[in-house]
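Asks: Chain by chain, the residues run as shown.
Protein chains: 4
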Amino acid sequence: MTNTQVTLVQIDNYGPWTVTPEPRREADLQTLQSRLYADISQFVGNRGGYVFFTRFDNMIAVTNGLDFEDHRLLQESAGNRYPVTLSLGVATGTDPVQALSDATTRLQEAGSAQDENRRECLEGRTIDDAHRSDEDVQIAHFDVIDATGNYTDELNAFDTFIEIEQGYAELMRHMRYAHDSLSFFVGGDNVIVVCPDLEDEDYVEAIHHVEEAADVSLQVGVGHGENAHDAGFEAKHALETCRADGTRVELAWES
Amino acid sequence: MTNTQVTLVQIDNYGPWTVTPEPRREADLQTLQSRLYADISQFVGNRGGYVFFTRFDNMIAVTNGLDFEDHRLLQESAGNRYPVTLSLGVATGTDPVQALSDATTRLQEAGSAQDENRRECLEGRTIDDAHRSDEDVQIAHFDVIDATGNYTDELNAFDTFIEIEQGYAELMRHMRYAHDSLSFFVGGDNVIVVCPDLEDEDYVEAIHHVEEAADVSLQVGVGHGENAHDAGFEAKHALETCRADGTRVELAWES
Amino acid sequence: MTNTQVTLVQIDNYGPWTVTPEPRREADLQTLQSRLYADISQFVGNRGGYVFFTRFDNMIAVTNGLDFEDHRLLQESAGNRYPVTLSLGVATGTDPVQALSDATTRLQEAGSAQDENRRECLEGRTIDDAHRSDEDVQIAHFDVIDATGNYTDELNAFDTFIEIEQGYAELMRHMRYAHDSLSFFVGGDNVIVVCPDLEDEDYVEAIHHVEEAADVSLQVGVGHGENAHDAGFEAKHALETCRADGTRVELAWES
Amino acid sequence: MTNTQVTLVQIDNYGPWTVTPEPRREADLQTLQSRLYADISQFVGNRGGYVFFTRFDNMIAVTNGLDFEDHRLLQESAGNRYPVTLSLGVATGTDPVQALSDATTRLQEAGSAQDENRRECLEGRTIDDAHRSDEDVQIAHFDVIDATGNYTDELNAFDTFIEIEQGYAELMRHMRYAHDSLSFFVGGDNVIVVCPDLEDEDYVEAIHHVEEAADVSLQVGVGHGENAHDAGFEAKHALETCRADGTRVELAWES
Numbered sequence: 001m002t003n004t005q006v007t008l009v010q011i012d013n014y015g016p017w018t019v020t021p022e023p024r025r026e027a028d029l030q031t032l033q034s035r036l037y038a039d040i041s042q043f044v045g046n047r048g049g050y051v052f053f054t055r056f057d058n059m060i061a062v063t064n065g066l067d068f069e070d071h072r073l074l075q076e077s078a079g080n081r082y083p084v085t086l087s088l089g090v091a092t093g094t095d096p097v098q099a100l101s102d103a104t105t106r107l108q109e110a111g112s113a114q115d116e117n118r119r120e121c122l123e124g125r126t127i128d129d130a131h132r133s134d135e136d137v138q139i140a141h142f143d144v145i146d147a148t149g150n151y152t153d154e155l156n157a158f159d160t161f162i163e164i165e166q167g168y169a170e171l172m173r174h175m176r177y178a179h180d181s182l183s184f185f186v187g188g189d190n191v192i193v194v195c196p197d198l199e200d201e202d203y204v205e206a207i208h209h210v211e212e213a214a215d216v217s218l219q220v221g222v223g224h225g226e227n228a229h230d231a232g233f234e235a236k237h238a239l240e241t242c243r244a245d246g247t248r249v250e251l252a253w254e255s
Numbered sequence: 001m002t003n004t005q006v007t008l009v010q011i012d013n014y015g016p017w018t019v020t021p022e023p024r025r026e027a028d029l030q031t032l033q034s035r036l037y038a039d040i041s042q043f044v045g046n047r048g049g050y051v052f053f054t055r056f057d058n059m060i061a062v063t064n065g066l067d068f069e070d071h072r073l074l075q076e077s078a079g080n081r082y083p084v085t086l087s088l089g090v091a092t093g094t095d096p097v098q099a100l101s102d103a104t105t106r107l108q109e110a111g112s113a114q115d116e117n118r119r120e121c122l123e124g125r126t127i128d129d130a131h132r133s134d135e136d137v138q139i140a141h142f143d144v145i146d147a148t149g150n151y152t153d154e155l156n157a158f159d160t161f162i163e164i165e166q167g168y169a170e171l172m173r174h175m176r177y178a179h180d181s182l183s184f185f186v187g188g189d190n191v192i193v194v195c196p197d198l199e200d201e202d203y204v205e206a207i208h209h210v211e212e213a214a215d216v217s218l219q220v221g222v223g224h225g226e227n228a229h230d231a232g233f234e235a236k237h238a239l240e241t242c243r244a245d246g247t248r249v250e251l252a253w254e255s
Numbered sequence: 001m002t003n004t005q006v007t008l009v010q011i012d013n014y015g016p017w018t019v020t021p022e023p024r025r026e027a028d029l030q031t032l033q034s035r036l037y038a039d040i041s042q043f044v045g046n047r048g049g050y051v052f053f054t055r056f057d058n059m060i061a062v063t064n065g066l067d068f069e070d071h072r073l074l075q076e077s078a079g080n081r082y083p084v085t086l087s088l089g090v091a092t093g094t095d096p097v098q099a100l101s102d103a104t105t106r107l108q109e110a111g112s113a114q115d116e117n118r119r120e121c122l123e124g125r126t127i128d129d130a131h132r133s134d135e136d137v138q139i140a141h142f143d144v145i146d147a148t149g150n151y152t153d154e155l156n157a158f159d160t161f162i163e164i165e166q167g168y169a170e171l172m173r174h175m176r177y178a179h180d181s182l183s184f185f186v187g188g189d190n191v192i193v194v195c196p197d198l199e200d201e202d203y204v205e206a207i208h209h210v211e212e213a214a215d216v217s218l219q220v221g222v223g224h225g226e227n228a229h230d231a232g233f234e235a236k237h238a239l240e241t242c243r244a245d246g247t248r249v250e251l252a253w254e255s
Numbered sequence: 001m002t003n004t005q006v007t008l009v010q011i012d013n014y015g016p017w018t019v020t021p022e023p024r025r026e027a028d029l030q031t032l033q034s035r036l037y038a039d040i041s042q043f044v045g046n047r048g049g050y051v052f053f054t055r056f057d058n059m060i061a062v063t064n065g066l067d068f069e070d071h072r073l074l075q076e077s078a079g080n081r082y083p084v085t086l087s088l089g090v091a092t093g094t095d096p097v098q099a100l101s102d103a104t105t106r107l108q109e110a111g112s113a114q115d116e117n118r119r120e121c122l123e124g125r126t127i128d129d130a131h132r133s134d135e136d137v138q139i140a141h142f143d144v145i146d147a148t149g150n151y152t153d154e155l156n157a158f159d160t161f162i163e164i165e166q167g168y169a170e171l172m173r174h175m176r177y178a179h180d181s182l183s184f185f186v187g188g189d190n191v192i193v194v195c196p197d198l199e200d201e202d203y204v205e206a207i208h209h210v211e212e213a214a215d216v217s218l219q220v221g222v223g224h225g226e227n228a229h230d231a232g233f234e235a236k237h238a239l240e241t242c243r244a245d246g247t248r249v250e251l252a253w254e255s
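Chains as they are written, first to last, in the working numbering: chain A, 1 to 255; chain B, 1 to 255; chain C, 1 to 255; chain D, 1 to 255.
Derived from the structure by calculation, the hints contain no laboratory data. Each hint should be verified, as a subset may be incorrect.
[Said to hold, decoys possible] Which bits of chain A does chain B cover? Going by a derived footprint, with three or more residues having C-beta under 8 Å, they are: (1) 154 to 162; (2) 234 to 243.
[What the hints assert, rightly or not] Residues from chain A that keep clear of chain B, each with C-beta distances beyond 12 Å, as calculated: (3) 22; (4) 69; (5) 85; (6) 102; (7) 108; (8) 117; (9) 119; (10) 122; (11) 130; (12) 134; (13) 202; (14) 208; (15) 254.
Computed from a predicted model, the values in this text were never measured in an experiment. A virtual CB, placed ideally from N, CA and C, is assigned to each residue, including glycine.
Using the sequences and the hints given, assemble the complete structure.
Replies: Next up, the structure:
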C-alpha cells in the first residue's frame, strides 16, 4: 500500500514582489524561477525525492526520504541565496491527492500566499524511518509513442506543443479524478504521475481515455519503491521495455 | 504591422542522450533542462528578447534585436558549458505562427531532432536593423483574476493547478487557431501571448471564450514595441491598470 | 583529537578539454568552473561539509559526514549535467595535510590527471558513523582587521587585493609547514584554515608571523565539531567576539 | 597604444549582510559568490569582455565593448535575482592600473563599501565606439610549464597549490609595480594579465623574475585586440605555440 509523502513548496508573497516597486524584467523572473526550481530539484533529488516545477511559485514534491530537518535546511539555504523565501507544508497519505490536500491546508492555515507577514512557514510531519517500506511510492512514466516521428519532425514546433499539452491536460484530469493521482509534464513528451496502488487495467484505461479524448497515443512504464527516485527509475526502465517490445503498459514488478 | 522574429531552439539528439548508456536520474535531467533554459533566458533577455521553456528540449523565443552572430554565440557558449548542444532555426513573419513554422521547417530540413549526425545547425535569417520598427512585436500578458483569493488560498495546490492549466489549454488553442498567436504559461497564473496586430475586440472575445469553455476569468494587458521586452513591459504595466481599475482588457497605446 | 576526512575533487583531463578541438572562450570556462564549484558546495555543504575552490580543476573538501555512497552520487550527478567528469580521492588523518596527501596519492595511483583513459575514479575510505566525535574537525576563520576602513575604502581595488593576497600567501605557508594545516581564501578578506589540534598560542604565533612578514593584521575565531559546518559555524561566532571585544584570538570552547 | 576600460564591481554592504541577523552558512555564501560571479562572466563575456573573481565581493573586469547602458542593465538584472545589489565604477586609461584606480575612486567618492545607504551606484564613463581601436587591450596568458607532470601528478594537492600561489603572488606584484598591469589567477595553473603596451623583453624579464624569486617556470602567450576576448583569444593561441615549440614567450603579432 502506498504511503506518499508530499511537500508543497510555496514562494512567500511572490506576486507582489514581482511588481514592487515596479514590474521586473520578465526574462529575469523566468531565470529566477527556473534556477530556484533547479536548486530544489538537486536538494530533493539527491535525497531520493522528486520535485515538479508545477506553477513555479507553487511546486509539488514527493519527499519520502526527507525528514523535517532536511526541509528546514532547504528553506534556510534558499533564504540565504535568493531574494525571496519559501514556505513548506508536508503531509502523507495513502493517496497522493490526499497527502497534497493536507500539505496545502497546513500552509493555508498559516496564512495567505500573499500575506506579507507570513514568511518561511514549515508545517506538517514526515514519515519515521521505521515506518517506511518499498511500496510507499508508485510512479508511472508516460510518454507519447514516437513523438519525434509523428510530431517533432512533421509539425511546426507550436502545433507539436499543442498536441502534447492537450494529451497532458486530458491525462492530468483523468488521473486526478479517477485515480487520486498527481500528473506532471516534465519536458519533451514525458509526463510523470504519482499514483496510489493502481493496477494494469487502470493504466490501460487511462491510455484509452487519452486516445479517445485527445487523439494522443501514450505508453507507460510503472515502478514502485521506498522513494520517488527508486520508483521512478524502475518506471523509466519499464518504459524502455515498452519501446523495445512495442507494448503500451509495463509494470516493473510484473515483468 | 507586426514583424515577429521567432527562433526555435532545439537540443540535439536529446531523447537518446537521456537514456544512453542507461536512463539518467530524473532530478538531474530537470536540473539540466531548467538551468539551460535559464541561461538562454538571460542571453536572449539581455538583448531585449523573450524565450519560453515550452517543452525544454524545444524552446520558442521572440528574438527581434538578436542578429545571426548573436545566435551563433549563444550556440557556442551553450556547447562549451553543457553536455548537450543546440540547433537554432530563425525566421520572421507578419504573424508569429508563420514565423515559427518557417523556423521549424529550417531545422526539419537540416535533419531529424534525433539524427545523431545533426548537431549545432544554425539556419534562417534575422531582421536587418534598418528594417525594424516599434510595431514589430505585440505581446499580451494575461492573468487569472484574483487567483490567490479564488484558488491558491482555497483549493489544494493541484486542483488550483488544474484550473489554471485548463484555462491555459483553452486560451492557447483559441489564440493559435483564431489569431495565429503563440501562448506560453510563464508561472503563477500568467500566460504571455505573442500576437500579430490584434484589436481590443479580439482580446474581449478570447477572454469570453475561455470563461465559457473553462470557467476561468482572465484579464489582459497588451503592449507593442521594437522587441519583446519593450512590448512585454508595456503589457505588464497595462495589466497593472486592469488590476487597479477592475477592467478586463487594457491596450497600452489606447490608455 | 582531530580526525579530518579530506576529499580531493579533480576534473578529469581538463587541460586538454579546454583546448580541444580549439581553445574555448575564457568567459565560458570561468562560468563552467564557478558553477561546478557552486554545485559541489551545495552538495557537500548540505551534508555538513565544506569545499574550497582551490584551483577549480582540483578542489579540496572537508567531508566528515559524507559516506562513500554520497561521493558516488556527487560524481554521478555532475557527470549527468556537465561536459566534464570528476574523480574523487578520500582519506582521513589526525592532521589535515596527512589526510590530503593520502587522498591525492589515491588518485595519482589511479592515473594522471591528464590520462585520457582515467575517468570518474572513486578511491579511498570514509569514517564510519560509529567512530565519529565532536572533536573530529577544527576550523579557524581568519579575517583582516577593518579591511574596509584600512584598504577597501582607501586603496585602489587591486592594491587592496595585493595586500590581502600577500597576507594569505604568508598564512598559508606558515600554517602548512608549522602546523600541518590547509588554508583557503574564501572571498572578501577571509581565510578559512582546516587544522589539527592547535592551541591558543599557535594562533597567536601565526598572527604575529603574518604581521611581521606581510604587514597584514589578522584576527581569528576557532571552533571544533563533528563536521566542518559545525566547527566553522562555531568559528564564525568566535570571530564575531573578536570584532565585538577587540581581541585577536578567540577559541569557541574557551570563552 | 592601449586604452583599457576597467569596471570595478562591488557588492553593496556585503560584510554586514553575511552576518545579519546571524552568520550565514559558509557553503551558501560560497555558492552565492560563485554563481553571481558566473552570471557576470556570462554577461560581460558575451559582449567581448573578461571579468575576474578577484575577492568575490569586489570583482575587476575589462569592459571594452560594454557601454553605460550595458552596465546599468547588468546591475538591474543582478538586483532582480540576488539578495544583494551591485555598485559599478567604470574608467579608462592608457594603463590598466590607472583605469582601475579611477574606477575605484568613483565608487569610494560615492560612499563606503559598507555604507548601508549606498546602493547600486553607477559611476564613470565608457569609451565611445568611434574612439575604439584594435590595440586597446593587451592580454598576456601565463601558465606553468608542465604543471601536471611537475606538480599535479607528483605532490599532494595542497603543496601543488602552494607552488602555484607563490608563483602567482610574485608575478602579480612584479607586473603591477614594474608594468602597471593587473594579474588574475583563473584556475589550474593559469594567470591572465591585463597589460599596457609591453614588449617581448618585458615578458622575458617577468618570467625570469618569477623563476628566481619563487622557482616556478612560466611561459606566456600575448595578444591584443579591440576587446578582452579578442586579445585573450589571440593570447591563448600564442600560448599553444609555446607548448608546441617549447618557447617561453610568444607575441601573437610577431609570429
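Asks: So, for every hint listed, does it hold in this structure?
Replies: Here is what the structure says about each hint:
no., hint, verdict
1, 154 to 162, "holds (count 9)"
2, 234 to 243, "holds (count 3)"
3, 22, "violated (9 Å)"
4, 69, "holds (20 Å)"
5, 85, "holds (16 Å)"
6, 102, "violated (8 Å)"
7, 108, "violated (6 Å)"
8, 117, "holds (14 Å)"
9, 119, "holds (16 Å)"
10, 122, "holds (16 Å)"
11, 130, "holds (26 Å)"
12, 134, "holds (18 Å)"
13, 202, "holds (18 Å)"
14, 208, "holds (20 Å)"
15, 254, "holds (19 Å)"
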